[in-house]
Structures are given as C-alpha cells and as structure tokens.
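Enquirer: Spelled out, the chains give:
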Amino acid sequence: MFRSLARLHHQFGNALSLCKRRTNHHHFSCSLKYSSVATERKRFYQDVTISQGEGGLFEINLDRRKLKTPGGKLLTLPNEALAIAVATEWDAQRDSLKFYAMHLTTLCNTALDNPTQRNEDQMISAALKFLETDTVCYRVEEPYGLVDLQKNEWDPVLQWIENRYDVTIGSSSSIMGPDISQTTKDTFYQHLKSYNFWSLTGLEYVIAQLKSVVLSLGMIDRYLSVEQAVLLSRLEEEYQIQCWGNVEWAHDYDMYELRARTAAGALFVHLSSEGSTVKRKILQD
Amino acid sequence: MVASPSSLRVYRGILKELRAMQGQNYKQSLAYNYVTDQFRKNQVTGERYCRAQQEALHASQTYLCLLASSRNHQALHNFYHAKGERNAEDVAGMVGLRLPTQPGGKGWEK
Numbered sequence: 609m610f611r612s613l614a615r616l617h618h619q620f621g622n623a624l625s626l627c628k629r630r631t632n633h634h635h636f637s638c639s640l641k642y643s644s645v646a647t648e649r650k651r652f653y654q655d656v657t658i659s660q661g662e663g664g665l666f667e668i669n670l671d672r673r674k675l676k677t678p679g680g681k682l683l684t685l686p687n688e689a690l691a692i693a694v695a696t697e698w699d700a701q702r703d704s705l706k707f708y709a710m711h712l713t714t715l716c717n718t719a720l721d722n723p724t725q726r727n728e729d730q731m732i733s734a735a736l737k738f739l740e741t742d743t744v745c746y747r748v749e750e751p752y753g754l755v756d757l758q759k760n761e762w763d764p765v766l767q768w769i770e771n772r773y774d775v776t777i778g779s780s781s782s783i784m785g786p787d788i789s790q791t792t793k794d795t796f797y798q799h800l801k802s803y804n805f806w807s808l809t810g811l812e813y814v815i816a817q818l819k820s821v822v823l824s825l826g827m828i829d830r831y832l833s834v835e836q837a838v839l840l841s842r843l844e845e846e847y848q849i850q851c852w853g854n855v856e857w858a859h860d861y862d863m864y865e866l867r868a869r870t871a872a873g874a875l876f877v878h879l880s881s882e883g884s885t886v887k888r889k890i891l892q893d
Numbered sequence: 055m056v057a058s059p060s061s062l063r064v065y066r067g068i069l070k071e072l073r074a075m076q077g078q079n080y081k082q083s084l085a086y087n088y089v090t091d092q093f094r095k096n097q098v099t100g101e102r103y104c105r106a107q108q109e110a111l112h113a114s115q116t117y118l119c120l121l122a123s124s125r126n127h128q129a130l131h132n133f134y135h136a137k138g139e140r141n142a143e144d145v146a147g148m149v150g151l152r153l154p155t156q157p158g159g160k161g162w163e164k
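Sequence order for the protein chains is A and B. So the first sequence is numbered by the working numbering: it starts at 609 and just counts up by one. So the second sequence is numbered by the working numbering: it starts at 55 and just counts up by one.
A portion of the hints provided could be inaccurate.
Claimed, not checked - In silico DSSO-like cross-links for lysine-lysine, where the CA-CA straight-line distance does not exceed 27 Å: (1) A/LYS650 / B/LYS137; (2) A/LYS674 / B/LYS81; (3) A/LYS650 / B/LYS95; (4) A/LYS819 / A/LYS759; (5) B/LYS137 / A/LYS706.
Unchecked claim - Here are some chain B residues pointing at chain A (derived, C-beta under 10 Å): (6) SER124; (7) HIS135; (8) TRP162.
Hint data in this document are derived by calculation from the structure and do not stem from the laboratory. Predicted model, so just to flag it, every value in this text is computed and none were measured. In this text, a Cβ means the ideal position worked out from N, Cα and C, and glycines have one as well.
Using the sequences and the accompanying hints, generate a full structural model.
Expert: Take a look at the structure:
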C-alpha cells in the first residue's frame with residue numbers, strides 16, 4: 609500500500625508531500641536503530657505489520673516506516689512465515705528493544721548484509737571444519753557414568769547419520785579426535801551445496817551454537833527435536849548437574865539461551881529452504 | 055479428521071506463548087492467524103504418512119521451543135542478572151558496617 613501511495617504522489621507531482629515523505633525516509637535511514645549500542649533504545653512504534661513488496665518479497669513495517677538492516681538495506685524476507693516470525697519478535701518488545709533477544713532478526717540481517725563478505729564455498733568449508741572437532745565424536749575415558757552416557761546417547765545419532773549419508777565418522781577418545789576421510793567430507797560438501805545462501809547462514813549459526821555438525825544435521829533433517837539436540841550437545845554438563853546439582857542462574861540460563869538460539873537457527877533454515885503449496889483434493893465417497 | 059494429540063499440545067503451547075507475549079488481544083496478531091491457518095490446513099491429508107504434515111509439526115515444535123525458551127531466558131535474566139549494582143551503603147550494611155560520615159564534608163569537596 610505504501611508503494612502504491614508513492615506512485616500516486618509521484619503521478620500528481622505533489623511536491624510538498626513528496627518532499628515530506630522523502631525527508632521522512634531520509635531521516636529514518638539516518639537514525640539507524642542499531643547504531644547506539646550503549647544507550648537503550650525504547651520501543652518507538654505501536655504496530656508491526658508486514659507487506660509484500662516487489663518481487664514477492666516481504667517487508668516489515670514499524671508503524672509506517674520500513675525496517676532496514678544495520679547495513680542500510682531494506683529488510684526483505686523470502687516468505688510470509690519468516691516475515692510473520694520476525695514481526696512477532698519486534699512486536700514482543702516492551703519498553704526497551706532487546707536486540708540480543710531477537711535471534712531471527714539478527715539472522716536475517718546477517719544473511720542480507722553478509723558483513724564478513726563470504727561466499728557459499730567459504731561458508732560450507734567453515735561449517736565442515738567443525739566436523740573434525742565434533743562434540744559427538746569426542747569421548748572421555750572416565751568417569752564411567754559419563755562414558756556410558758555418551759555411548760548410549762551419542763552412538764545412535766552417529767549411527768543414524770552414517771546410515772543417512774552413507775559415510776563413516778568414528779568416535780575417538782584421543783586428543784586428536786576422529787579421522788574424517790576425504791570421501792566423507794566430499795559427501796557432506798555435495799549435500800551442503802544444495803542449500804541456498806540464507807539456509808547456509810542459518811546452518812552455520814546452528815553448528816556454531818551446538819558445536820557439532822552431526823547434531824545440527826540431525827536436527828535439520830528432523831531426526832532430533834531442538835530440546836533433544838541441545839541436551840545431547842550439553843551432555844557432559846547435564847551429567848555434572850545430575851552429580852552435583854543444578855544452579856538455576858547459570859545452568860538453566862545457559863540452557864534456555866542455547867535452546868532459543870538453536871530453535872531460531874533451525875526455524876530460519878527450514879523457512880529459508882522450503883516452499884509450500886496446498887493441493888486440494890475432493891473426497892470421494 | 056482430528057489433529058494428533060501432540061500437534062494439539064504444540065498448538066495450545068504456541069497460543070499460550072503468544073498470549074503471554076502480547077496480552078489480551080493476541081487473537082488479532084499476525085502470528086495467531088498464521089499459526090491457526092497452518093494447523094487447520096495440515097490437519098487433513100490423504101496420505102498415511104504425510105511428509106509435509108511431519109515437517110509442519112517439527113517446524114511448529116521448533117517455534118514453540120523458540121518462544122518458550124526466549125520467555126524463560128528473559129525471565130531468568132530479569133530475576134537474577136538485571137538488578138545492577140547495589141549502592142555502597144547497602145553493601146556495607148550487608149557485612150554489618152556503616153559508611154563513615156564527615157559532617158563538615160570531605161576536605162576536597164566543595
């Protein structure tokens with residue numbers, strides 16, 4: 609609606625309103641939201657809505673102004689579901705804006721701005737580098753309770769991924785970690801090539817959070833839920849909590865933060881890499 | 055034609071989170087309408103094992119996890135880590151001491 613209004617004004621050559629709207633835009637893009645990190649930004653908008661712009665991409669509107677990334681680009685989202693999720697994040701802010709809690713928005717900004725200027729190949733090789741130090745492959749030798757726990761919980765996931773991708777990834781208890789063969793790396797490379805840039809951004813984020821490629825792929829392929837993946841990633845911590853007790857302001861705090869980030873990353877990957885159609889069939893009696 | 059019990063639980067969970075997030079008029083929000091729409095659309099399927107349905111269920115579980123854990127994390131943060139520093143008088147009082155007072159003001163203060 610905003611865009612058609614702009615076209616209307618342009619047609620009628622209404623200089624004053626055109627100037628006013630342009631200065632409004634200009635003023636908004638100058639006062640970039642993310643710039644002042646030290647001071648708290650207050651919530652300055654009432655409504656958050658989404659609109660569909662050119663090329664079928666969705667945009668977020670705060671009151672009447674369009675949301676931009678920290679790099680100055682317009683925040684454009686590929687589908688409606690992701691747009692609604694991001695809009696809900698902004699709508700959930702009360703009083704002050706907590707950017708550190710808006711994980712989906714951060715991921716969208718990273719995907720659009722690409723601040724580290726990387727291409728897809730670099731991202732894939734960075735992601736696969738984690739395979740050599742994958743959490744699930746590093747085993748301890750004592751205490752025996754933890755050894756058993758690792759065997760019972762992590763071995764099925766390794767089995768699953770070896771079957772699914774037809775690779776071999778061993779587990780090792782030495783400090784060097786497992787030997788990952790080149791064929792395994794090539795298989796994963798081919799698989800990751802099929803993801804688009806946005807999905808790769810999300811996937812790399814998830815891998816960095818969980819510190820494991822195996823768990824991340826297990827979750828993205830819907831073998832594990834987010835809670836399960838986080839539990840498996842924090843297996844040793846959970847073991848120690850069972851032995852020594854839980855400290856709410858550290859353990860639970862970290863667990864919820866990890867869950868939130870991982871869930872945001874997984875949702876981001878799923879929403880960036882799928883399209884959906886509804887096929888209506890008629891019931892035949 | 056009925057939603058499976060786990061999908062019902064996930065749906066109710068998401069609605070609870072949205073209500074906690076947005077207050078009374080959560081039913082007018084974009085997220086509520088979209089989520090309700092998606093759950094309705096995925097309810098009926100002709101296949102016995104419908105991949106789209108399983109994918110939608112996993113996506114909804116992921117979203118529920120995101121909302122719930124964000125809320126819990128924020129609550130823990132506000133409870134434990136948001137109070138800032140105590141002032142010097144309270145800190146001294148915690149160990150049973152009092153700050154010294156100098157009625158004439160300190161020498162270098164005006």
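Enquirer: Looking at the structure, which of the earlier hints fail to hold?
Expert: Violated: hints 3 and 8.
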